[in-house]
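What follows is each chain in one-letter form.
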Amino acid sequence: MPAEEATLRSPLKRARGYGSAKEGVQHFWVQRVSAVALVPLSLWFVFSVAQLSSENFPAVKHWASAPSVAVMLALLVVTLFYHSMLGIQVVVEDYVASEGRKLVTLLLLKFAHAVGAAAGIFAILKIALGN
Amino acid sequence: MSSPAPQAKPLPARPLSPFMIGPYYRPQLTSMLSILHRITGVGLSVGAVLLVGWLLAIAGGAWTYASFAPHLGAWYGQLLLLGWTWSLLYHLCNGIRHLFWDLGHGYSIPVVYRSGYAAVAASLLLTVAVWGVAYAR
Numbered sequence: 003m004p005a006e007e008a009t010l011r012s013p014l015k016r017a018r019g020y021g022s023a024k025e026g027v028q029h030f031w032v033q034r035v036s037a038v039a040l041v042p043l044s045l046w047f048v049f050s051v052a053q054l055s056s057e058n059f060p061a062v063k064h065w066a067s068a069p070s071v072a073v074m075l076a077l078l079v080v081t082l083f084y085h086s087m088l089g090i091q092v093v094v095e096d097y098v099a100s101e102g103r104k105l106v107t108l109l110l111l112k113f114a115h116a117v118g119a120a121a122g123i124f125a126i127l128k129i130a131l132g133n
Numbered sequence: 003m004s005s006p007a008p009q010a011k012p013l014p015a016r017p018l019s020p021f022m023i024g025p026y027y028r029p030q031l032t033s034m035l036s037i038l039h040r041i042t043g044v045g046l047s048v049g050a051v052l053l054v055g056w057l058l059a060i061a062g063g064a065w066t067y068a069s070f071a072p073h074l075g076a077w078y079g080q081l082l083l084l085g086w087t088w089s090l091l092y093h094l095c096n097g098i099r100h101l102f103w104d105l106g107h108g109y110s111i112p113v114v115y116r117s118g119y120a121a122v123a124a125s126l127l128l129t130v131a132v133w134g135v136a137y138a139r
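Chain order of the listed sequences is A and B.
So in this note's numbering the end of the first sequence lands on 133, straight run, no missing numbers.
So in this note's numbering the end of the second sequence lands on 139, straight run, no missing numbers.
No wet-lab data here; the hints were simulated from the structure.
The C-beta atom is built at its ideal place from N, Cα and C for all residues, glycine as well.
Do not rely on the hints blindly, as some may be mistaken.
Stated by the list, open to error - Over 12 Å on every C-beta distance to chain B, these chain A residues come out as not near it, computed from the model:
1. Glu25
2. Gln28
3. Ser44
4. Lys104
5. Gly132
As the list claims (entries may be wrong) - Which stretches of chain B does chain A cover? Using the computed rule of at least three CB atoms under 8 Å from a CB of chain A, they are:
6. 29 to 38
7. 41 to 51
8. 66 to 77
9. 92 to 98
Given these sequences and hints, build the entire structure.
Here is the structure:
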């Protein structure tokens with residue numbers, strides 16, 4: 003086609019489709035995948051916790067140590083922290099102009115998200131498996 | 003990696019892109035719901051810390067939980083939980099709106115407004131439903 007002949011972009015660049023960000027649509031896509039996963043997970047969570055609102059500690063612990071609940075909680079924590087990191091990253095990239103401060107902020111936030119997710123998984127495992 | 007930056011020449015005093023909502027741009031449902039999506043998203047990231055705190059309190063046993071749970075039942079805890087409930091449900095409903103846009107649907111102005119009002123209404127109804135379940139117990 004004439005329009006394609008007129009461009010200076012190489013076919014390889016078009017085939018890779020990475021663009022100036024060098025990562026293509028990876029961030030966009032995983033943000034959507036985690037968003038779709040969080041729709042059922044977070045609806046399940048808020049309505050489950052609402053039903054637990056007036057329960058005492060043994061009932062809450064009994065609920066959280068059921069295998070199906072522990073698996074759902076683990077999925078929720080991992081997906082939530084992943085989705086949160088992707089979203090917070092965009093906010094930082096939008097508002098922190100200095101490259102150095104942006105890098106440091108993003109590193110600290112990524113570590114904080116990893117710590118949060120790891121602590122959540124540890125707690126879920128301890129509730130479900132520990133005595 | 004990119005090539006090293008050339009020695010900086012003093013930049014001409016060009017206008018920077020301003021934050022548009024406010025003096026330059028009349029607030030509208032569309033822009034307000036957009037910034038609200040981001041604000042609730044950041045708030046929910048903070049709420050994720052509370053979720054982990056709650057799980058750690060359960061894992062810590064009855065005594066740890068007994069020092070954590072009363073804060074959730076206090077007026078400030080209930081207020082925060084109400085805010086987080088609505089933030090989550092608004093972010094969820096408006097997120098579904100975004101997913102439809104990603105699929106290429108709903109870009110006409112009347113539909114954008116209708117879906118905006120629908121996302122707000124659905125988030126409020128779902129919040130009432132969740133708290134209805136909580137207080138009916």
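(Q) Of the numbered hints stated earlier in the document, which are not met by this structure? (A) 3, 5, 6
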